Amino acid sequence: DLLYAKAGFSKALNANQPELVDGNLISIQQGRHPLLLLRMGEKNVVPLDLKLGNDFRTCIISVPNAGGKTVALKTIGLLAMMVQSGLHVPVLPHSRFGKIDRIFASIGDQQSIENDLSTFSSHLGGLKDIAENATSQSLVLIDEIGSGTDPEEGTALAMALLERLTAK
Numbered sequence: 262d263l264l265y266a267k268a269g270f271s272k273a274l275n276a277n278q279p280e281l282v283d284g285n286l287i288s289i290q291q292g293r294h295p296l297l298l299l300r301m302g303e304k305n306v307v308p309l310d311l312k313l314g315n316d317f318r319t320c321i322i323s324v325p326n327a328g329g330k331t332v333a334l335k336t337i338g339l340l341a342m343m344v345q346s347g348l349h350v351p352v353l354p355h356s357r358f359g360k361i362d363r364i365f366a367s368i369g370d371q372q373s374i375e376n377d378l379s380t381f382s383s384h385l386g387g388l389k390d391i392a393e394n395a396t397s398q399s400l401v402l403i404d405e406i407g408s409g410t411d412p413e414e415g416t417a418l419a420m421a422l423l424e425r426l427t428a429k
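In our numbering, the protein residues as written are 262 to 429.
Rather than coming from a laboratory, the hints here were simulated on the basis of the structure.
None of the hints are false.
Across the chosen pairs, the derived CB separations fall in these ranges:
#, residue 1, residue 2, range
1, Asp390, Pro308, 26 to 34 angstroms
2, Asp411, Phe317, 27 to 35 angstroms
3, Pro412, Lys272, 42 to 50 angstroms
4, Lys312, Ile406, 15 to 23 angstroms
5, Leu263, His355, 22 to 30 angstroms
6, His355, Phe317, 13 to 21 angstroms
7, Asp411, Leu281, 39 to 47 angstroms
8, Lys272, Val324, 29 to 37 angstroms
9, Ile406, Asn305, 26 to 34 angstroms
Here are the simulated lysine-lysine pairs, PhoX-like style, with alpha carbons at most 20 angstroms apart:
#, residue 1, residue 2
10, Lys272, Lys304
11, Lys312, Lys429
12, Lys360, Lys429
13, Lys389, Lys429
14, Lys360, Lys312
15, Lys330, Lys312
16, Lys335, Lys312
17, Lys335, Lys360
Keep in mind that this is a model prediction, so the values were computed, not measured.
Where is the CB? At the ideal position from N, CA and C, for every residue including glycine.
Work out the full structure: start from the sequences and follow the hints.
Next up, the structure:
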């Protein structure tokens with residue numbers, strides 16, 4: 262049943278098996294967010310091309326609001342998780358994924374009323390966890406890295422975290 266479900270899902274997404282490679286490489290060619298693809302159809306979902314690993318290991322996406330930054334991050338994370346789970350993904354067949362030991366994501370508002378945490382405090386706690394636990398083979402996805410605080414302080418925080426993660 263599981264194999265038939267995976268095959269049916271793969272067929273519904275027009276998905277392919279990407280090449281699995283050694284090292285820290287993600288090369289997504291014409292990748293599409295699976296849920297958007299199912300809901301809107303292939304012609305209505307803008308494909309994503311991304312290459313990380315060999316030449317550079319850090320990518321900053323900076324476009325105006327409603328430019329698709331969050332969708333791009335979620336697409337990358339979801340495709341990586343699907344590959345790690347042995348699923349085909351909606352990419353061109355020559356897309357490649359290397360070994361990923363952990364996936365970290367800080368996407369969206371993590372405010373907690375129960376724990377009396379502000380949005381920024383919660384975000385900062387998540388960033389601290391990422392900085393301490395990410396390795397050279399981790400995929401780290403952060404949306405609005407310095408949001409919720411003074412722009413100059415947010416910029417300094419973002420630069421320090423990006424430098425630390427890139428060094429790893």
